[in-house]
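Engineer: Quick mapping for you: the protein sequence lines, in order, are chains F and X.
First residue of the first sequence? That's 1 in the numbering used here, and the numbers climb one at a time after it.
First residue of the second sequence? That's 214 in the numbering used here, and the numbers climb one at a time after it.
Some hints could be false.
The calculated lysine to any residue pairs, modelled on SDA-like cross-linking and capped at a C-alpha distance of 25 Å, are [as the list claims (entries may be wrong)]:
1) F:Lys49 x X:Leu273
2) F:Lys111 x X:Asn398
3) X:Lys287 x X:Lys385
4) X:Lys317 x X:Tyr299
5) X:Lys276 x F:Ser160
6) F:Lys110 x X:Phe321
7) F:Lys44 x F:Lys132
8) F:Lys70 x X:Gln266
9) X:Lys289 x X:Ile272
10) F:Lys95 x F:Met71
11) F:Lys49 x F:Phe193
12) X:Lys373 x F:Pro107
13) X:Lys248 x X:Phe412
14) X:Lys410 x X:Phe321
15) F:Lys49 x X:Lys373
16) X:Lys282 x X:Ile272
17) X:Lys317 x F:Val202
18) F:Lys110 x X:Leu273
19) X:Lys424 x X:Lys276
20) X:Lys317 x F:Ser194
21) F:Lys49 x X:Gln266
22) X:Lys287 x X:Glu308
23) X:Lys317 x F:Gln61
24) X:Lys392 x X:Glu288
25) F:Lys49 x X:Tyr295
26) F:Lys49 x X:Thr296
27) X:Lys276 x F:Lys111
28) X:Lys276 x F:Ser75
29) X:Lys286 x X:Ala241
30) X:Lys287 x X:Arg245
Because the hints were derived from the structure by calculation, they are not lab data.
Only a predicted model underlies this, so the values are computations on that prediction, with no experimental measurement involved.
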Amino acid sequence: MRSLFLSSIVLLLLLSGCASLKPRGLKPCRSATASAEGLRSPYKGRFEKMLFRASVDIRNQHLTGLMLIKMMPDSSVRIFFTNEIGMTYFDFIMKDGTFQTGYCFEPMNKKVVIGLFRTCFELMLDYDAHEKKHFVFCEVTTGNPITQCRSGRYKVWAGSIGTEPKTSFIQGMSNFSDQTFINFSDFHSEIPFSVSIINPFVSLRIRLQMLSF
Amino acid sequence: MRSRHFLFFLLLFGFSAVQAQQQVTDPAGIARMRKGVEEAAARTSTITAAFTQEKEMNILEEKIFSSGKFYFKKEKLLRWEYTQPYSYIIVINNEGISIRDERKTSHFDTRNKVFGEVNRIIVGSIRGTLLSDEANFKASYAEEKSFWIVKLVPLSAGIKGSLSLITLWFDKKDYSVSKLEMAENTGDQTTIAFTDKRFNEPIADEKFILK
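Extracted from the complex, chain F is given alone in its bound form:
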């Protein structure tokens, strides 16, 4: 009974530790206005087709290949990941707040895993807090405004880091297991060519490097 109690405490501490999304070094600054990076994904409404060189590390599996993200005529977004020799790993469809699986390679075709990918891609491509209630904090060292809001089912922190070179981030979660940290860098005309996505809870890491836009 005592060990069960202790285990529960440890588990709670672990979960609450993992679930800390708030970036460090922030102070309240209510008079500041939110930056564009804090309110919207840099890709939202800005692409027709993007081809990335991609790597996905999940549960000791290192998968590499090409990721094509395409806006379809019906305004759905297809996220297609294939390995170098042409075999498809997954094909996801995002539309109007839904996330469907066109195809998923059998070892990854698990509801939990697909749910984690959903969080990654919805935050990366679809985050938009323009019309939503948000709070603005400031980075102590640079004064950069950082936005905190609720976007759909996600609690989100977003903004830019440092000054030059430009980098921005979106950190979001809907539950303990899907907390996701996204960093955007290597900007060309406001479009990031390099993306790093991490879910520390399950050691999921996605790296994307733009090949064509």
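Starting from the known structure of chain F, arrange chain X on it as the hints suggest.
Structural biologist: Then chain X, alone, in the frame of chain F:
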């Protein structure tokens, strides 16, 4: 009048297209073709070739192109060296599968589902063993002017889960594989075409080791 001409050309074209690929059903013709592939495999110790790969995604109406160099050494050593759109190397040897991308070299055993199956298909087609693998594939045969065409429908659960059809084009001159097409259950397909093929030139064993 013009539409009649158009119809004539359409029919002619359609007729030619049907004629271009003719089914081979007589056992003697199939045996001759299989013997040719087996004999070519027996006299081939190494292959070096350039390849171009086209991944066709039907729903997305997109194609992704890549290319590189291909090396094979008997019995089962393979090296795929992609140079476009970026550098990427896959080596398959007796130890397993090694992959080098820009970040690291990873090693897998041949049970790795995707690479293991594709390796079996590539090596099996080069060595001719795939054509007689009746436990795993149902084969049908056709021919064009310059090629023997073998269509393999996967029977085993492992391959059937991802591929619906594998089509191999064997050059009638030397019975080597000139083209390989893998159709996925999703309707997408990957075509790999081999060019500038060179046979039995020495390739150092080190080419098939990635550290």
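Engineer: Hint by hint, say whether it matches the structure.
Structural biologist: Verification of the supplied hints:
{"no.": "1", "hint": "F:Lys49 x X:Leu273", "verdict": "holds (10 Å)"}
{"no.": "2", "hint": "F:Lys111 x X:Asn398", "verdict": "holds (21 Å)"}
{"no.": "3", "hint": "X:Lys287 x X:Lys385", "verdict": "holds (22 Å)"}
{"no.": "4", "hint": "X:Lys317 x X:Tyr299", "verdict": "holds (14 Å)"}
{"no.": "5", "hint": "X:Lys276 x F:Ser160", "verdict": "violated (35 Å)"}
{"no.": "6", "hint": "F:Lys110 x X:Phe321", "verdict": "holds (22 Å)"}
{"no.": "7", "hint": "F:Lys44 x F:Lys132", "verdict": "holds (15 Å)"}
{"no.": "8", "hint": "F:Lys70 x X:Gln266", "verdict": "holds (21 Å)"}
{"no.": "9", "hint": "X:Lys289 x X:Ile272", "verdict": "violated (36 Å)"}
{"no.": "10", "hint": "F:Lys95 x F:Met71", "verdict": "holds (10 Å)"}
{"no.": "11", "hint": "F:Lys49 x F:Phe193", "verdict": "holds (13 Å)"}
{"no.": "12", "hint": "X:Lys373 x F:Pro107", "verdict": "holds (15 Å)"}
{"no.": "13", "hint": "X:Lys248 x X:Phe412", "verdict": "holds (19 Å)"}
{"no.": "14", "hint": "X:Lys410 x X:Phe321", "verdict": "violated (28 Å)"}
{"no.": "15", "hint": "F:Lys49 x X:Lys373", "verdict": "violated (31 Å)"}
{"no.": "16", "hint": "X:Lys282 x X:Ile272", "verdict": "violated (29 Å)"}
{"no.": "17", "hint": "X:Lys317 x F:Val202", "verdict": "holds (21 Å)"}
{"no.": "18", "hint": "F:Lys110 x X:Leu273", "verdict": "holds (24 Å)"}
{"no.": "19", "hint": "X:Lys424 x X:Lys276", "verdict": "violated (33 Å)"}
{"no.": "20", "hint": "X:Lys317 x F:Ser194", "verdict": "holds (18 Å)"}
{"no.": "21", "hint": "F:Lys49 x X:Gln266", "verdict": "holds (21 Å)"}
{"no.": "22", "hint": "X:Lys287 x X:Glu308", "verdict": "holds (15 Å)"}
{"no.": "23", "hint": "X:Lys317 x F:Gln61", "verdict": "holds (13 Å)"}
{"no.": "24", "hint": "X:Lys392 x X:Glu288", "verdict": "holds (21 Å)"}
{"no.": "25", "hint": "F:Lys49 x X:Tyr295", "verdict": "holds (23 Å)"}
{"no.": "26", "hint": "F:Lys49 x X:Thr296", "verdict": "holds (23 Å)"}
{"no.": "27", "hint": "X:Lys276 x F:Lys111", "verdict": "violated (29 Å)"}
{"no.": "28", "hint": "X:Lys276 x F:Ser75", "verdict": "holds (20 Å)"}
{"no.": "29", "hint": "X:Lys286 x X:Ala241", "verdict": "violated (31 Å)"}
{"no.": "30", "hint": "X:Lys287 x X:Arg245", "verdict": "holds (23 Å)"}
In this structure, the earlier hints numbered 5, 9, 14, 15, 16, 19, 27 and 29 are contradicted, and the remaining ones agree with it.
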